[in-house]
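Visitor: Sequence:
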Amino acid sequence: MNSRGTHTAIVTPEAMLVIYSRPREDATRWSREVRIPLVSRSPTGLLAWANEEFGYILAAGTGEGIVKVFELRRPLKLAGGGEQLDSQQPEWSLAQSLDLRSERGMLDLCFAPYQFGLMLAVACGDGRVDVFAPRRLLPAEGWEVKHRITLPEGFGDACQLAWRPYSDGVPQMMAVGGSGGLSVFSYRRERMGWESACHAEGGVMGLDWAPSLGKPLELIATFGAGQDVTVWRLRRGEGGEGLELEATAVLRHTAGVSKVRWDMLGVSLAASTEKNEVWVWSKGAGWEWECRRKIVGVEAGGGRGIEDTAAQAWA
-13 MNSRGTHTAI
-3 VTPEAMLVIY
7 SRPREDATRW
17 SREVRIPLVS
27 RSPTGLLAWA
37 NEEFGYILAA
47 GTGEGIVKVF
57 ELRRPLKLAG
67 GGEQLDSQQP
77 EWSLAQSLDL
87 RSERGMLDLC
97 FAPYQFGLML
107 AVACGDGRVD
117 VFAPRRLLPA
127 EGWEVKHRIT
137 LPEGFGDACQ
147 LAWRPYSDGV
157 PQMMAVGGSG
167 GLSVFSYRRE
177 RMGWESACHA
187 EGGVMGLDWA
197 PSLGKPLELI
207 ATFGAGQDVT
217 VWRLRRGEGG
227 EGLELEATAV
237 LRHTAGVSKV
247 RWDMLGVSLA
257 ASTEKNEVWV
267 WSKGAGWEWE
277 CRRKIVGVEA
287 GGGRGIEDTA
297 AQAWA
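Sequential numbering from -13 applies to the sequence shown in our numbering.
By construction, these hints were calculated from the structure, which means they are not laboratory data.
Don't be surprised by glycine CBs; every beta carbon is placed ideally from N, CA and C.
Some clues are possibly wrong.
In silico EDC-like pairs for lysine to aspartate or glutamate, Cα to Cα no more than 16 Å straight-line [stated by the list, open to error]:
1) Lys54 x Glu127
2) Lys261 x Glu187
3) Lys245 x Glu227
4) Lys280 x Glu263
Okay, the calculated beta carbon distance ranges per label pair [said to hold, decoys possible]:
5) Arg(-10) x Arg60: 35 to 45 Å
6) Glu89 x Glu127: 20 to 30 Å
7) Ala211 x Gly140: 15 to 25 Å
8) Thr136 x Glu176: 39 to 49 Å
9) Arg60 x Glu176: 19 to 29 Å
Please work from the sequences and hints to get the whole structure.
Guide: In structure tokens, the structure reads:
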């Protein structure tokens, strides 16, 4: 779902991208807006929405290692020897196809916080993260690789990405999780590139970075193949040099975890499990965490009643 909650999208097993929309004043009146063939033999279901500061932009990944960027644009018409915007309703169109040239395809994609500009990070299966940006905006055109993060040897697949939420005066940072653990990278403006800030061992299948909103805490939640969620604290290293990751809590569930999401204040964490439940955790005194609420889904039509509920718990 996009950040304003007016559009959402799915990818069907037949590689059809389906976009739904609703009026801003009514959260219940969803309708199908468009169906777009992705022309993919192995759809991944990977989708990412850009912030609406840049218009309506949706990125969709395919199993062939292609990222297709779609944009809601108003059609152009010829008038008076030149092109002018048509008065018709805007239409979804393919802005660009980005070829990762990765033999092992892609594993995740996400847009940067809008304050950093329109940038799309893509985790590739061959040990790198490509950061794309367009050469021009409105419409967004000329997408190209702006930065490349090369993961250390032995890191394994980069299966999950999370940008650090924006804070004034703090450089761009990104958490990368994979079979080789959790790594945090920081953008160095003087070097015009990304470098590794710290690393923690342990397989990571999903993660989310909590907003700090002025708090002196940087928290990252991760989960692996089991039933536990680890809450990491990013802090200064010994002697104030560098950064390090400290595991401050392990939150145990009764089934495998499939998704984690922080609330907008960064004080509560929602975790979806394979039992169709959402556990909502909050930190108490010290580093003690308590499950304050559990949402149980219902089976409907032979399928799961809750989809991506950790992401929707704060809607």
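Visitor: Does each hint hold? Answer for all of them.
Guide: Here's how the hints hold up against the structure:
1. Taking the CA atoms of Lys54 and Glu127, the gap is about 12 Å. The hint holds against a cut of 16 Å.
2. Between Lys261 and Glu187 the alpha-carbon distance is near 27 Å, which puts this suggested pair outside the 16 Å criterion.
3. A threshold of 16 Å between alpha carbons decides the hint, and for Lys245 with Glu227 the separation of about 33 Å lies outside it, so the pair is violated.
4. At roughly 7 Å between alpha-carbon atoms, Lys280 and Glu263 fall within 16 Å of each other, so this suggested pair holds.
5. Between Arg(-10) and Arg60 the CB atoms are about 19 Å apart, so this pair departs from the stated range of 35 to 45 Å.
6. For Glu89 paired with Glu127, a C-beta distance near 28 Å keeps the hint of 20 to 30 Å intact.
7. At roughly 19 Å, the beta-carbon separation of Ala211 and Gly140 lies within the given 15 to 25 Å, and the hint holds.
8. One distance hint, 39 to 49 Å for the beta-carbon pair Thr136 and Glu176, is violated here, with the actual separation near 19 Å.
9. The hinted range of 19 to 29 Å is not satisfied by Arg60 and Glu176, whose Cβ atoms lie roughly 41 Å apart.
Of the numbered hints given earlier, the model fails hints 2, 3, 5, 8, 9; all others are met.
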